Structures are given as C-alpha cells and as structure tokens.
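Asks: Starting from the known structure of chain A, fit chain E onto it as the hints suggest.
For reference, the chains in residue letters:
Number of protein chains: 2
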Amino acid sequence: MTEIREATEADWPHVWALFQSVVAAGDVFAYDESTTEDVARKLWFAAPSVCHVCAVDGSFAGTYYVRPNQSGRGNHVANAGYMVNPEFRGRGLAVALCEHSLEVARRFGFTAMQFNFVVSTNTGAVRAWEKCGFAVVGRLPRAYRHKEKGPVDALVMFRQL
Amino acid sequence: MTEIREATEADWPHVWALFQSVVAAGDVFAYDESTTEDVARKLWFAAPSVCHVCAVDGSFAGTYYVRPNQSGRGNHVANAGYMVNPEFRGRGLAVALCEHSLEVARRFGFTAMQFNFVVSTNTGAVRAWEKCGFAVVGRLPRAYRHKEKGPVDALVMFRQL
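In order, the protein sequences belong to chains A and E. Going by this note's numbering, the first sequence opens with residue 1, and the numbers climb by one from there. Going by this note's numbering, the second sequence opens with residue 1, and the numbers climb by one from there.
Quick caveat, the hints were computed from the structure, so don't treat them as lab data. Some clues are possibly wrong.
Just so you know, same-sequence chains aren't split out, so a pair can sit in one copy or run between any two.
As the list claims (entries may be wrong) - Calculated lysine to any residue pairs in the SDA-like style (CA-CA distance at most 25 angstroms, straight line):
1. LYS147 to VAL39
2. LYS131 to TRP12
3. LYS147 to ARG106
4. LYS147 to ASP38
5. LYS42 to HIS76
6. LYS149 to VAL137
7. LYS149 to THR2
8. LYS147 to ALA112
9. LYS42 to GLU148
Owing to the predicted nature of the structure, the values given are computational and were not obtained by experimental measurement.
Bound conformation, chain A alone (with noise of 0.2 angstroms):
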C-alpha cells in the first residue's frame, strides 16, 4: 500500500539519508556531496518549503517538496523536488509523487510549477515530468557539471496548474 502524507519531524532522517545519497550520485540535483544538513534542511524541508514522504507498506519510499519559486511577483509559480529511494524506483512513484504534488501546489493557491534544473542526461525523469503535463520551455547549455559525463545540459520545466 502507497501512502503520501505531510512529513513531520519524525521523518527528517529519512529524508536527510536519501538526500545524501541521491546527492552523493552527482546526476540529478545541482547540489553535492559538501551539502550541510542545515542547507538541506532550508530546501527540502523548513518553511516556506512542505514536505510531504511516501511509504509503501509502512517503508520510506520516496520525498517532495513544494515551495514558491520566486518571492513577490513570481510567487504564483510552484516550485518542487522529488526523491525516491533506490529500492522503490521502477514502479512509478516519480509520477504518484509529482502528481500528488500538483494538487497540493494547487491547494495552495499556486497557478503553475517550475522546475528550475532538470539534468537533461536524467531521461527517466523528463519523460516523468512530460507524462505529468510539464513542456520544456527553456536549455541551460552545459549548466550541469555531472559525476561521469562532464558538463551537461540543464532543463527549465513548466506547467500551468
């Protein structure tokens, strides 16, 4: 059984792990492997960020985030992150997570969501963002220093909500 609920306090470790982890890759998040728990912290978790976990059958599965983009004027636009640990990928939690993610964001009375940094190398997850209504409407030429692959594009997404 999936779940997708609010995180609470409890579940900061998890995250912080899976964090550490997915960073530790060096192909999918601009942050690396010199990331303090405080800086991940202020991202992923403490407000204006909400955090929200995903467990399947009681396991830590999977994480999103859902703040404003942009302060002010811009502060209409969603921005989100996703993580899903290793051993719960390949069943479509991307997508339950992001779309699960849409109508919080619509809740909050957001209008539409950005990704700000797709790495373009990660084609599971622009094929998972493209599926939950995202276009790509922009290129960050070589944006991305990638662990194995050297510098890479980067991706801007968006949606209206």
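Replies: Positioned in the frame of chain A, the structure of chain E alone reads:
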C-alpha cells in the same frame, strides 16, 4: 566620470534605497514592496553575492551583484542583477554595469552567466542583455505579475563567458 568599484558597507544605504524604489515600480523584479531590508541584503550584498556600485561624477548611479546561480554541480554558472538610479538612466549604464560584471565573473572563475527571471515587457533590459551577448534560452509563461500589465512572461537569458 563613471567609476565602477566593489561596494563597501557605506554603500548599503544607497543600494537599499534604490532597491526599494525599483521594487515599488513592480515592473522589473520578483521582489515586491514587502521585501525586508534583511532579505534584500542577502540577495544583493551578503556573501556569496559580491556587490559593485557605480558612481557618476561622485554620485551613486547604480549597482550590481554577482553570485553563483546554483550550488555544487551548477556553481560554475553565475547569476547577476542590476539596478540603475532613475536619474542616470538612458545613458548606457546598464550595459556598462553588465560588461563590468562579466569581467568580474570571469575573474571569479565562472564559465557562464544566467538571468533567471527577466520580465519580458522590460524590453530595454532584454535589448541591453542581448547587446552584452546574452540569448533568451527560456520563456516562463505568465510567471511575473506586472503591477500595471498583470501576468506577463519572464525570460531566462544565458551566455557563456
């Protein structure tokens, strides 16, 4: 005589006053009138931002900051922001500030520069940045709530250094 130099603490009141007048216009920055001095300072003046100021015949005429646009694996791409004092507009200072900032960014080791949120109706700015070698690489539909015009597109602009 136009002088551009690194800012000192004594410059902050000028930068903050200009920041307030620019955000009040509601046609250039996501930041709006509710922005606190602390938030403005973190964006424009505090590390990792490096702030420069421009004086024309000894009078404060404008300012810019340069900072990494992303952390970790994206920190080779700089971000920058510019403001010109209304009294000194129309004489190419935006271009002069931008060209100066490109040199500073190169000196810091950045290999590209990105603007995340150029308001599409701010055609003077778009032209100035194109003159400085930037290209529009993305368009964010209705991502900016213009004070007079309502929701308008924002542009992502980029150049290698």
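Asks: Mind listing which of the numbered hints don't hold for this structure, in increasing order?
Replies: 2, 7 and 9
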